[in-house]
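Produce the entire structure from the sequences given, and follow the hints as far as they go.
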Amino acid sequence: MSEFAIVTEKLTRKYGERAVVSELDLEVPENSVFGFLGPNGAGKSTTMKILTEQIKPTSGRAWVAGVEVGQKSLQTKQQIGYLSELPNFYNWMRGQELLEFVGELFGMSLSTRRTRAQELLKLVGLEKAARQKIGSYSGGMRQRLGIAQALVNRPKVVFLDEPVSALDPIGRRDVLTLLDNIRQEATVFMSSHILADIDRVCEYVAILNQGKLIAAGRTTELKESYARPAIEVDLEGGLETAQQLAYLLKAESWVKSTLPQDNGRLKVELVDEKFAHEAGQRLPRLIADNGLTLLTFQTAVPNLEDVFMQLVGYIENPDAELTPAVQKEALVK
Amino acid sequence: MKAALFKKESLELWRTSRIIIAIVAFLILGLQGPIVSKILPDLIKNATPNMSGVQIIIPEQKATDALITYFSQMSFMPILVLILIGMGTLAAEKERGTQILVLTKPVTRTQFILSKYFAYLGMVAGVMLLTTLAVVYDTIVLFDSSFNFGAYLLLNLTLFSYLAFLLAVIILCSSLFKNSVAAGGVAFLAYLVISTGSRFLPNWPKYLPQVVFDATIPRSLLGGQGSLTDLILPTVVGIVLAVITLVIACYTYEQREM
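Protein chains in written order, with my numbering: chain A, 15 to 347; chain B, -16 to 241.
No wet-lab data here; the hints were simulated from the structure. Computed from a prediction, not measured in an experiment: that's the story for all the values here. Hints may contain errors.
Pair by pair, the computed Cβ-Cβ distance ranges are [unchecked claim]:
no.	chain 1	residue 1	chain 2	residue 2	range
1	B	A198	A	T126	53 to 59 Å
2	A	L273	B	E78	42 to 48 Å
3	B	I231	A	E217	46 to 52 Å
4	A	R75	B	V226	35 to 41 Å
5	A	E254	B	R79	47 to 53 Å
6	A	N195	B	A165	42 to 48 Å
7	B	R79	A	R145	21 to 27 Å
8	A	Q85	B	V164	33 to 39 Å
9	A	S125	B	I215	45 to 51 Å
Quick reminder that beta carbons are idealized off the backbone N, C-alpha and C, glycines included.
Here you go:
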């Protein structure tokens, strides 16, 4: 298991009869940034709580950094860093004090923990607030401090539950860059509702729904396998023009669905990739024939959101039509 | 217990002014004993000026009476203050989510509880020491030193063992609830049962640390009669009860999920 930072085998957690996490088999490669996705209540936080020894699994086993979870040896905790979904700290402490306290819990000497605290405060952009009481920190500052405290012990595996949810766009960008840099020395296991962020930094993802793993693998491969072929066109005018074209496309057999947007953009999903050529010819003609002005025409780049919506949407609405790749995957699952 | 946690708990008690509150409450309530004993005869005389024909005889108050009043003062209000200060020590951490910060680090739940307990116990020890010295000074100034000083110290030690036991009960209650008020309410109920329940057990009160609140034994000991060894068993019982309660608190906390 040495090449994997986290391994789970049939990991299950039940509350009464309800399985919140069900027979989860997961392998997280070392030194990767791993995105853990799923709708609310999918079991993401519960899985993280099991892996960080906050709760016990009902059945199954898990290993973090080569150490089996739940053996009460404190060995797992020595190797990990954890940021909860709603991080809360001692408001009477100062930022630097908190990081030094965490360092002391890991048995660091005074000089080591002081240096490490200063390093981390600089890394997360809180060096000016180091002497401020945490009670006066904003939500974003707390989130940054939360990330810093999760890195104090130079962990082998960092668990981050929604690490960027409370941050503004600049803060999000900084933290994502930081996570990208951490991978050289640690494995980052993060959950987020912001799929674009996961798409940006995670080389691997796993998608969980109703406690079950429905897809896992390299982000690029998942996007190639699951994303539906689509075309995006920008039209002169706003939402109304895009809606007008969407209405016209209803009659076309190669169109699976359309998504008009405020800025006049229309995303056209194709029934199958083999219709891409036909769509490329028909769509500009249809636009011109109806007196609309085409500004741009491009093949839509598949993103994680497409994969997520298609997989989770399928589970929640099994009658929905799937691309061949998803049909195959769904049958396997 | 973990040194880092003990330091953090002690610092928290200081920074959140709980130590100051405890010192002020214990000192005010403790010093009341000798003061009330001193002014009680005058108070009663002044309160009944027109009751002609009625003669109230108040025995002359002595240093022993002042100290017995002090011990009886310590039986309720200081404990209420301790409950208010300590009820949220674990419950509020659960409520706010700060315990996750600590318990996902290499710290056992038992270390977490014991660090809290000993930080609070250290605070009570310091506050009790201050109160003990302040009350004895107050008594000597207002009355005299005609009492057995060793017995006074030993009675305070027995009182301390009782507070150590109640502190363990408060920690246990705080570990069982996610809400400070609920934890405080149950701790208060537990205190009522402990303080009144022993009276219904014949012959038992003299073996329990609550013996310091019963005037009979303290009066004879402070007056230089009786044997100081009479207080050893109640003190040991207080410590044993504290240990048993702490073991239960640690065990139940280890079993609970975050």
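Results of checking the hints against the structure:
1. Hint check: A198 (chain B) to T126 (chain A), Cβ distance near 58 Å, so the stated range 53 to 59 Å holds.
2. L273 (chain A) and E78 (chain B) have their C-beta atoms about 43 Å apart, which keeps the hinted 42 to 48 Å range intact.
3. Between I231 (chain B) and E217 (chain A), the C-beta spacing of about 49 Å keeps the proposed range 46 to 52 Å intact.
4. Between R75 (chain A) and V226 (chain B) the Cβ separation comes to about 36 Å, which falls inside the hinted range of 35 to 41 Å.
5. About 50 Å separates the C-beta atoms of E254 (chain A) and R79 (chain B), a value consistent with the hinted range of 47 to 53 Å.
6. The hinted window of 42 to 48 Å between N195 (chain A) and A165 (chain B) holds, with their beta carbons roughly 45 Å apart.
7. A beta carbon spacing of about 23 Å between R79 (chain B) and R145 (chain A) agrees with the range 21 to 27 Å that was offered as a hint.
8. At roughly 37 Å, the beta carbons of Q85 (chain A) and V164 (chain B) sit within the given window of 33 to 39 Å.
9. The beta-carbon spacing between S125 (chain A) and I215 (chain B), approximately 47 Å, falls within the hinted interval of 45 to 51 Å.
Figure legend: structure checked against the earlier numbered hints; every hint is met.
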